[in-house]
Structures are given as structure tokens and as C-alpha cells.
Amino acid sequence: QKEVEQNSGPLSVPEGAIASLNCTYSDRGSQSFFWYRQYSGKSPELIMSIYSNGDKEDGRFTAQLNKASQYVSLLIRDSQPSDSATYLCAVNINYGQNFVFGPGTRLSVLP
Amino acid sequence: NAGVTQTPKFRILKIGQSMTLQCAQDMNHNYMYWYRQDPGMGLKLIYYSVGAGITDKGEVPNGYNVSRSTTEDFPLRLELAAPSQTSVYFCASSYIKGQGGGQPQHFGDGTRLSIL
Numbered sequence: 005q006k007e008v009e010q011n012s013g014p015l016s017v018p019e020g021a022i023a024s025l026n027c028t029y030s031d032r033g034s035q036s037f038f039w040y041r042q043y044s045g046k047s048p049e050l051i052m053s054i055y056s057n058g059d060k061e062d063g064r065f066t067a068q069l070n071k072a073s074q075y076v077s078l079l080i081r082d083s084q085p086s087d088s089a090t091y092l093c094a095v096n097i098n099y100g101q102n103f104v105f106g107p108g109t110r111l112s113v114l115p
Numbered sequence: 346n347a348g349v350t351q352t353p354k355f356r357i358l359k360i361g362q363s364m365t366l367q368c369a370q371d372m373n374h375n376y377m378y379w380y381r382q383d384p385g386m387g388l389k390l391i392y393y394s395v396g397a398g399i400t401d402k403g404e405v406p407n408g409y410n411v412s413r414s415t416t417e418d419f420p421l422r423l424e425l426a427a428p429s430q431t432s433v434y435f436c437a438s439s440y441i442k443g444q445g446g447g448q449p450q451h452f453g454d455g456t457r458l459s460i461l
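Here the protein sequences line up with chains R and Y, keeping their order. Position 98, counted from 1, in the first sequence is what the numbering used here calls 102; the numbers after and before it change by one each time, with no gaps. Position 12, counted from 1, in the second sequence is what the numbering used here calls 357; the numbers after and before it change by one each time, with no gaps.
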């Protein structure tokens, strides 16, 4: 059973701080990794995609991938109350055919 | 640009009734997926399709059926609704070429289904 693990939270950070969200996965063959944000009652929306080891930055968001450690993370700089949501980590498995989602980490940014 | 469209948005069913959840995408994606999400939980894969005429079971397929007659449409059928099927259902699509991974999934807005 391919698995994706995340801390369920809630993770609380003050406004303006850096939020760090972590994800580990079990399938060593995974090659595509995604972070989704899901507001309560809404559908998941893509935040970041990462395919290679290292860091990828997009605005206030940075995704970090370490395939050797089977670890992917998301950093949110200058956190805003509007970032309060559940963040889902998703991993492509079975040579790309399927996605496995982690349970999500609930982030609360306090004004 | 519509993306992934799901209908209906809300539905209440009685135990034993049947219904079809509709999903359509206009991005010419080859892969389509159905997930359910129970309150406070992650996404569980019900069925997926790699192209017209080809479907396969996911993690929680019991009680559901799917078909894929066209690239655009991927309906999910509940034959005998049970209270355990009360959930939010999301349809998603993606473009995957060859092996090794693909583009991210795009989600519809979801269907909130209650079985009473």
C-alpha cells in the first residue's frame, strides 16, 4: 500500500511568520509531487508542483524535494490569515497513473 | 474556460435509491478520477480512467460504478445508496503522457451527497 504521511495539525503560526509543512511518502518510484490548498467546503486547488530534487520558489511559497529521504515540504513565507486552510500533499505513483493524497495539515495563521 | 464541471452540487437521497453524479472536463485530459472526502479526512480514490473505454478501481470502489464513453465525460453511479456513502465527491482530471509522472490534477467543485 503506497502511503503519504503528513502531520494533521493544526499548525498555528502568527501572521508574518514562516509556516513549514512536511510530507513523507513510501513509493521510491514516485516522480511528481504536488501541494494543494483546500479551504473549508471547497475543492483542492494547486499551489505548487515539483519534479526534481531541490527547491522551487513561487512567490511566498517554496517547495522542497529530497527523493533520497522520500520527503517533500512546503514553506509559506510572510504567512497571512488568508493562508489558513488545509494543505494536501499528493504524490504520483504507479509510473504516473495514480495520485495518492496525504490526510492534509490544517494551518491556522493568527492575526 | 470551464475546466472540470460537476453536477449536481448538492443532493439528498433515501437509502436504496440510485443516482448518477456527472463530471465533464474540457481540457482534453486523458486521465479522470473520482474521489470521496469524508469530514476531516483526506481524499480516497474510488475509480479512475486512463482514457475512453478504460476504467479501473481505486481504493474504495464498493457500491459505485463508472463508465467512460468519451474523453470528456466520466459519470459515477451509485446503485443502492447507503448512509456510509454520505460524503463529498470530487471529480478530477489530469494529462499523463507515458511513464514517469504527469501534470497535476484539476478538481471540480464537488458534489455534497447525503443519504438518509
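Some clues are possibly wrong.
Label pairs and their in silico Cβ distance ranges [claimed, not checked]:
(1) Asn410(Y) - Asp62(R): 37 to 47 Å
(2) Ala21(R) - Leu461(Y): 16 to 26 Å
(3) Ser412(Y) - Gly20(R): 49 to 59 Å
Quick list of in silico lysine-lysine cross-link-like pairs, PhoX-like style, CA-CA up to 20 Å [unchecked claim]:
(4) Lys389(Y) - Lys46(R)
(5) Lys60(R) - Lys46(R)
(6) Lys46(R) - Lys359(Y)
Covered stretches of chain R, going by a simulated chain Y footprint (3 or more residues, C-beta under 8 Å) [unchecked claim]:
(7) 46-52
(8) 65-71
Don't read these hints as lab results, they were simulated from the structure. Built from N, CA and C at the ideal position, the CB exists for glycine as well.
Structure-based check of each hint:
Distance hint check for Asn410(Y) and Asp62(R): the Cβ-Cβ separation is about 39 Å, which falls inside the suggested range of 37 to 47 Å. In this structure the hint that Ala21(R) and Leu461(Y) lie 16 to 26 Å apart at CB is violated, the actual value being about 44 Å. Restraint check, Ser412(Y) to Gly20(R): a C-beta distance of roughly 50 Å satisfies the suggested window 49 to 59 Å. A distance of roughly 16 Å separates the Cα atoms of Lys389(Y) and Lys46(R); the hinted pair therefore holds under the 20 Å criterion.
Restraint check: the Cα-Cα separation between Lys60(R) and Lys46(R) comes to about 26 Å, which exceeds 20 Å; the hinted pair is violated. With a C-alpha separation of about 25 Å, the suggested pairing of Lys46(R) with Lys359(Y) is violated against the 20 Å cut-off. With a cut-off of 8 Å between beta carbons, the segment 46-52 of chain R has 5 residues touching chain Y; three or more are needed, and the interface restraint holds. Only residues whose beta carbon comes within less than 8 Å of a beta carbon in chain Y count, and the segment 65-71 of chain R has 0; fewer than three means the coverage is violated.
In this structure, the earlier hints numbered 2, 5, 6 and 8 are contradicted, and the remaining ones agree with it.
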